[in-house]
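Asks: Work the whole structure out from these sequences, hints included.
Chains as they are written, first to last, in the working numbering: chain V, 5 to 472; chain U, 791 to 1078.
Keep in mind that the hints were calculated from the coordinates and are not lab data. Just so you know, these numbers come straight off a predicted model, no measurement behind them. Heads up, some of the hints might be wrong.
Keeping only pairs whose Cα atoms sit at most 30 Å apart, straight-line, the calculated DSSO-like set for lysine-lysine is [claimed, not checked]:
(1) V:Lys-230 <-> U:Lys-1026
(2) U:Lys-818 <-> V:Lys-464
(3) U:Lys-1062 <-> V:Lys-223
(4) V:Lys-223 <-> U:Lys-1052
(5) V:Lys-398 <-> U:Lys-1009
(6) U:Lys-979 <-> V:Lys-398
(7) U:Lys-997 <-> V:Lys-189
(8) U:Lys-935 <-> V:Lys-223
To be clear about the criterion: a stretch of chain U counts as covered by chain V if any three or more of its residues have a C-beta under 8 Å from a C-beta of chain V, and this derived list gives those stretches [to be verified]:
(9) 792-798
(10) 801-809
(11) 816-824
(12) 925-931
Partial list, computed: chain V residues near chain U (C-beta under 7 Å) [as the list claims (entries may be wrong)]:
(13) Ile-197
(14) Lys-230
(15) Leu-417
Note that the Cβ used here is the ideal one computed from N, Cα and C, for glycine as well.
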Amino acid sequence: MLFNSFIFIALLLITLVFYYLPVFSKLQVPILIISSLIFYAYQAPYLLLLLLASAGINIFTSYKVAYGPPNMRRFYATTGIVINLLILATFKYSPLLANTFFDTSSGIGRMLLLIPLPIGISFYTFEGISLLVDVYANKHHDKFFVDSSVQKHFTKTLFFVSFFPHLIAGPILKAYEFYPQIKQKHFKYIDIIPAFKHLVTGYFLKMVVADNLSVLTFKLAYPYLKACSSADLMVMMFGYSFQIFADFSGYSLIAVGLARLFGYNIMENFNFPYISASFSEFWRRWHISLSTFLKEYLYIPLGGNRKGNIRTYINLLITMVLGGIWHGAAWSYGVWGLAHGLLLAIERFWDNLFPYIGLNRFIKPLKVVFIFIIISFLWLLFKLPFVQVLEYFKTLRLNINMPVNTNNINMILLYSLPVIVYHVLFLLRDNIKVSVWVVRYSYIVYGFLITMILLNSGPKGAFIYFQF
Amino acid sequence: MIGKSLIVFTCLFVAFNIVAHYNVPNTKYADSDIQTNLINADRYIYSRQNYKAVILGSSLANKMRVDMLPGFYNLALSGMSVYDGGAVLLSSNTLPETVYIELNVIQRPENENFTGEFTSPVYSWLKTTLPALRPENQPVILAKKAIDDIEQLLQPVPAHKPANNKKTVVKNYYLPQSLFRPLLNIQLKSYSEHDTVLINQSVIQLKQLVAKVESRGSKVVFFEMPINPALEQLPKTVLIRNTVKQAFPNYRFIDLPQTTFKTRDGLHLAQKEAIDYTAYFKEKIEED
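Replies: Below, the structure written as structure tokens:
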């Protein structure tokens, strides 16, 4: 079910009414669970079984880690994590295995290709892993503990995994951040204005910016790119960079806004990533829930930066390659992760070598532009298979003298503009005049954004991150 | 703050509806094929004109020149299928006397995101009542049109308008061989493979569409658009042609002309060729 569909709006309104009706105040969590399961099952009901099975395994193993025999805690935690990873490998990476190692026209290869990809699997399996690690490590015992009542633990964990705002494309929740919030909510304490701002900005970024850019950048794909001029190809590549930001940050803002309507705070997933002056800063600002997950549950356990420079570089590469492959069952995602890992390692090496070179006000804007350009080129690996990326660069070199499609370029620039303004306003947040203006006239901006959502949306499309 | 935002929205929404009420739709300002298709479809649905005939099909038949076919409307949509145009046709109040269905790409499925725009009664009612909700009245399109109008106004008017006695010369634009070849090779590969199950399923869907169209009093005629001669006798083309002919034995088919036509990319007729094919098509329908 898409956040921008009529059926979702209807489900949301019905859920909100039941949720805040005083007569159902003790049933708020079950109401949200039922609503979330309907939301998930809407397009492919049979995939609900996998979600429930995954949740069931995490409920059982996490309970056993907390209350089972002490000498078996490690066993249950490891078993739970391995099962989560096996589920992910089976349902997500079977096409990759099939295409790499088998003949896909028959036999095992064909069978592997036919395994369905359950929507949101990468997100809910990671959340299961976070639960098991947090319970086992007991690092956050001041914030979070497993209920001794099996029924309560069952309800809370099913809710944690299935809560619909984050179920399909994150943000990836961490157990220790979410469980303490599970309690009865009252409408009068809900902060409506931030929820409204998140929802309007999120829907605008998705429906007006990303959906319109998606039809303007589709010619990046082979064979259409062959008939595009180099200038068109460059602008489309930057347009895709803005599109992927608008699409995913739009989704995340909607998710945060929806969760707030029900009284839950889930983490912000984006923090104006295109103002980053380094690759490490970019990863602190982009898909924050994934990068913090990878840092906490992979990079640090691997040794992080505690075991010398060489091990740090290797750890960065491992983390980023696995983070890349997490995105999808194609080697191009691995190459994308590897490229980011290499850039992070080189950047770290450079900073170690020349620690005295700081960022002055002349160098910083240049670095921001440089980082944006490199990151935009790397997004091509998200959009296209690896061979087509090579084709893109070849065509970029060959089609320099081809006529330029100025209308397409102008429209890409127009629909990219809101993303640029969004980032620039953030950069100017310390300017008092701008801040006063933004606060005083924000109602005009939000009124305009609602108008544009209703009147100028692009063709309805699924969120890019749904496939992950 | 929320209340004030909603007041601003209401004012803007009313203003856009007033402007949209007087706007004449024009696909020229669309940014993409999808937007062109949406405008094209809406223009058909909200037109007060009764069309004699409608063409359904893909981007192949989209190239046909309906200005040469009086009373025709072209609902062959770029990148889409006969079922998408069919959904638009069926959502309108009246159907034409004849519906011409292109058979080249019947295996392409319906785009539910697109047809959902026309099959929802609530949304259709809203678009009828509030013209600003129609794609041709999007603020960006209206702005582009306004800029165009201003530019034309600012252009100096010549003292003596030259007599327009020159005929418009239509030229064919072809891709360079370095681009054309790889595109044709992709099509040669695609048309050499065929999926009988898929084609049979598509024919079932086509039968359903034809039955719905006929139940509302229209006659159906099939036709095949010319493509690159190298593709016209390949397994996929032949399978589609024969399967449709077998499934609809008592229907009229406008077969491919004897002459060959040149395409831009292996599939789509070049501009002048499209005019020539439309002339052939016109000749065939006038034989009735």
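Asks: Could you tell me which of the hints above the structure violates, numbers in ascending order?
Replies: Of the numbered hints, 5, 7, 15 do not hold.
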